[in-house]
Structure formats: C-alpha cells, structure tokens
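Work out the full structure, taking the sequences as your base and the hints as a guide.
Protein chains in written order, with this note's numbering: chain U, 1 to 265; chain A, 1001 to 1298.
Hints listed in this document are in silico derivations from the structure and should not be mistaken for laboratory results.
C-beta atoms are modelled at their ideal positions from N, C-alpha and C, and glycine is treated no differently.
Be a bit skeptical, because a hint or two may be false.
A few chain A residues that face chain U, going by a derived Cβ cut-off under 8 Å, partial list only [unchecked claim]:
no., residue
1, S1099
2, W1102
3, Q1106
4, N1114
5, T1122
6, I1142
7, I1242
8, G1246
9, F1261
10, V1276
11, E1278
12, N1281
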Amino acid sequence: MFKNLTIGQHYPVESPVHELDPRVKIIMTFVFIISLFLIESFITYLVVGLFLALAIKVSKVPIKFVIKGLKPILMIIVITFIINLLMTPGKIIFQIGFIKITEEGIRQAGFMAIRLTLLIMGTSLLTLTTSPIILTDGIESLLNPFKRFGLPAHELAMMMTIALRFIPTLMEETEKIMKAQKSRGADFESGNIMSRAKNLVPLLVPLFISAFRRADELAMAMEARCYRGGENRTRMRQLKISKGDFVASGIFIVYFAAIIMIKIW
Amino acid sequence: MLRTKICPYSIRTVYENKYMGAYMIENIIKIENVKYKYEKESNDYALNGISLEIKQGEFTAIIGHNGSGKSTLAKLINSILLPTEGKIYVKGMDTSDDSKLWDIRQAAGMVFQNPDNQLVATIVEEDIAFGPENQGVEPSEIRKRVDDALNTVGMYEYRKRPPHMLSGGQKQRIAIAGILALNSDCIVLDEPTAMLDPSGRREVMDTLKKLNKAGKTILLITHYMDEAVQADRVVIIDKGGIKLDGTPKEVFRNIDEIKKFGLDVPQVTELAQELVKEGINIPTDIIDVKELVDLLCQ
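Right, dumping it as structure tokens:
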C-alpha cells in the first residue's frame, strides 16, 4: 500500500525551472511572497498572475498539478473569503437581518482570496520542481551563514534527510503492525473518536519502541561510518550557480521591480 | 608494528601498496586476551579472554549461537565498544586510543545485521557517499569512489533509487558498497544475512567472495554453516571464548563437539560421517556437496 509512496509533491520532468539552483529558487519564492503582500490593487495581481503563468509554463508542470496543490487549503481560502465578506465595515449594498455585505467587504474578500491562491500556487511551484533532497541541500546551504549565531544548520538538514529516509520504512512497519494486531482481533475502524483513539494504542506503542531501536542502531551505523557532525564534512553533490540561474534571477528582478513601480506610482 | 607508528597515514598507505607482498603476512587485526562485560558490577563476561589474529586478505568466519559473544567482538573491533581488559589492534592502532578512532573505523568498516537501520540517505548513491563525505574527501574523488563501489557490488543501475524500494539483499550490498567507499582494508560483517531470504544471502556471499579475491580482508560473523564453509578460516566462539579455530575442513570434522556448542554442522559433513560409520571408505572432513558426489561416484 505504501510501497510507491512519494514524499512531497515533486513532479520529475526536465525543465529550466527544475534545473535552477535550489537556493535561487528558495530566495525567489521568499521574495515572491513578500511581493504579494506589497500589492494594493487588482491590476497588480494581473502582473503576478502573468508572471506565475509564465513560470508554470516554463517548468513544464501541468497546470492541473499546481491547482491540485490548492485543494488542502481550499477550506482556508473559503473561510477567509467569508469572514472578510461579512466583517468589513463600509457602504452597505445588501442586508438580511444582521448579515451585512458591504462594497469594501466584497473587494477585501476577493483581494484576500486571490492573494492566498497566488501564494499557494507560487510556493507549490518550488516543491513541485525541486526534489526533497535537493531542497534540503539548498536549505542547509542558505542557513550556513547563520551557523556563527549558533544555528545548527547541518544538524537540521541531517534531521530532514533522516526523516525523509525513514518515513516509508516506518509506514511499512505501521502497516505490518496493523495487520499483526488485526489478526489478534484489534479493531481500528469502528467506534466513536474516543474509542478509536484508544484502539490506536496497541499500534503506536510497538511502533515507537521499534523507532527508538532503529534510531539507536542507525546512530551506531553512522558512527561506524565515521560520522562526527558537520565539521570538515564535504558533499558529493555541489550546488552550483549556472547561467540559467542568472537569467531566472534577471527575469525575477524585472518582475519585482514592476510590482514596486506600480505600488509607488 | 613500529612502522605504523612513525609514518603518518597517507604515507603509510602508499608504502603498503608498494610492498603489499611484505605486508600480506602481517596481521591486520590483533586481539590480545580481551575480556568484556556489559555491566561494571556483574561477573558475567560476554567475552572471556579472547586472543585472535586476522591476517591481511584472509576470509574468516566467526560462528557461535546467540549470546556467544560474537557480535560483541565485532563492535570491539570497530571501537564502538572498548575492551574491559586486554587490547585490540587494527592495523597496529590501539582501539582504545581516542586519537586513532576515525582511522580505525576507516580501516575496519562495519556492516550490521538490519539493512534498513544502516542506510542514512534517501537515494542509494547519496548513502554510499555518506562515509567519504564524513571523512572530508574531495567531491570529485567521492563521485569516483561511489561509482567504483556501486560497480563492485553490481548495483550501478540502482544508484538513483530510494533504498526502501530495494530488496534486503540489495540493501545489504549497498551497505557493503558504503564501506568500500570508505576505502576500508578490512570489512567486519555482523550477521549481514540474518534477515535475508536465501537469494539475498547468496547475493551477499557472492559479493563478499568477490571482494576477498580483490584483496579485502573479510571477517564474517554468522550462524549459517553453509556460509562458514565458504571462508578460508572458521573460528567457533562459545560462552565468550574461542573453542575451535582452523580451516573449514579442520573445524567441521569435529561434529560432536560442534553440536555441543548448540551449532549445526553442514549437512554434507554430517552425511559423510554417517557414511563412514556405516563402513564406507571416504574422508570425514568433507564440506562440499560436489566433493562428496565426486568421491562416491568413483
């Protein structure tokens, strides 16, 4: 059941966006989020929309996939929309009992909904075009300068790698324990929430015990392979800024400048 | 031994390669009267006075039943545990010497029983690179070592796969490749086949034999007799002490004694001895099926 599980939502095709340095992509995503919060008019969203459409087109990720990424937060978008619609004071254009809909409310609600949608689409483009490992590499490399302030950059990256490595293993194990407990009459499906939660205990206890044992053995195996923390460690895969990264950064700067220009103007 | 103390590591490697012939006779692992107990106060010794010398290039199998102390011995060699009494030398380096810790772990790489719990990275080639990355090897050199190691264990086409999509035997071959990438001269394997199916076991044994031919010293801890007979030398450990030590033929001849330690003997050997008892004139130290067949068909 879990054998073919993919972690994250990486969409593996070859495209100029996939080939960009993860650090460049992370920074661009970050600045993209900032740019969204600078926007004050609907017309500017057109610029953002155009830019995003261009980025998605170049990345060769089907638009369907990007929109699918919106699903989990659809509820949040809807709730934000409704709250903004009902709670914004201003010129009333429609009223049933205590529910007032104002002109400002409609504007504000639409504004927020578009902002959230663009935000999620923009950030999911990062995870769609970057594999989790390369993303981890990028994060480690970006956090490196903060090491001198005591930020454990290497350790964080190592934790992420190990988590990614063991998610499928532990999933498989969960399935195994589940089958074993079911064969002894355990029931994971019926009953109310409380009794269901209670029934999970015979699943979670063995899982945790085994996870701790694994951690112990893994630590020993890592030490046996000369692991001694991040100091003096090298990496086989080196992150390299290439020509494509400069081109992408250039386009992005033009985009960001346009947003600022519209704002000032 | 004096030589290893004078020369810094890199020079030593060059020296050894040049005079491989002279070095061959030297002992890569030397265990001197080692005792080990897990708890300070108790009088239960997991190992009780073991002395063993492993020669460079030798394929040694250590067998013993559960709790005989064989896994403890492996951890002592890799300096994961330190002996309570006695000394262990790996390539002349004392395992209790903290400053040599990483050189020892590099010289005697270790493969563990559970293939899942020793692979660190999410992609096969990344995992093999883990060791050399820890040593601070240059990226281009790591790449070369990883490719070489993958080719040696015959897993090159799997280099981009995530480890959880591989079979047990393949995972263990990846673990072995991870040690090869460390450039270890000696590989210590602690029951590497215990969790594998028969075909996985065969894969691992074939890989080990190939490595041994290429000059690696192999120390295989196992409780499968059919694996032990493929080694150059078999050491039987029971109750923390060495009971038998010799070539497979010499060791497995003592069927009754081996059974006393709670171990099996290879089926062929047992059959041969039963045949001798029945008056058939064949040697008692047969360990190979083909050998017995040839003798009987004469």
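Against the structure, the hints come out as follows:
1. Restraint check, S1099/A versus chain U: the minimum CB separation of about 13 Å is more than 8 Å; hint violated.
2. With a least beta-carbon distance of about 5 Å to chain U, the hint placing W1102/A at the interface is held under the 8 Å criterion.
3. Look at Q1106/A: its Cβ gets to within about 6 Å of chain U, closer than 8 Å, so that hint holds up.
4. A distance limit of 8 Å between C-beta atoms decides the matter here; for N1114/A the minimum to chain U is near 6 Å, and the interface restraint holds.
5. Checking T1122/A against chain U: minimum C-beta separation of about 5 Å stays under 8 Å; hint holds.
6. The closest approach between the C-beta of I1142/A and any C-beta of chain U is roughly 4 Å, which is under the 8 Å cut-off, so the hint is satisfied.
7. The interface hint given for I1242/A is violated, since its Cβ lies 24 Å from the closest Cβ of chain U, which is over the 8 Å cut-off.
8. A cut of 8 Å between beta carbons decides the hint on G1246/A: the least distance to chain U is about 29 Å, and the hint is violated.
9. Annotation: interface hint on F1261/A violated; nearest CB of chain U at approximately 27 Å, more than 8 Å.
10. The closest approach between the C-beta of V1276/A and any C-beta of chain U is roughly 45 Å, which is over the 8 Å cut-off, so the hint fails.
11. Against a cut-off of 8 Å between C-beta atoms, the interface hint on E1278/A is violated, since the closest Cβ of chain U lies about 48 Å away.
12. With 8 Å as the threshold, the beta carbon of N1281/A stays out of range of chain U, its nearest partner Cβ sitting at about 50 Å, so the hint is violated.
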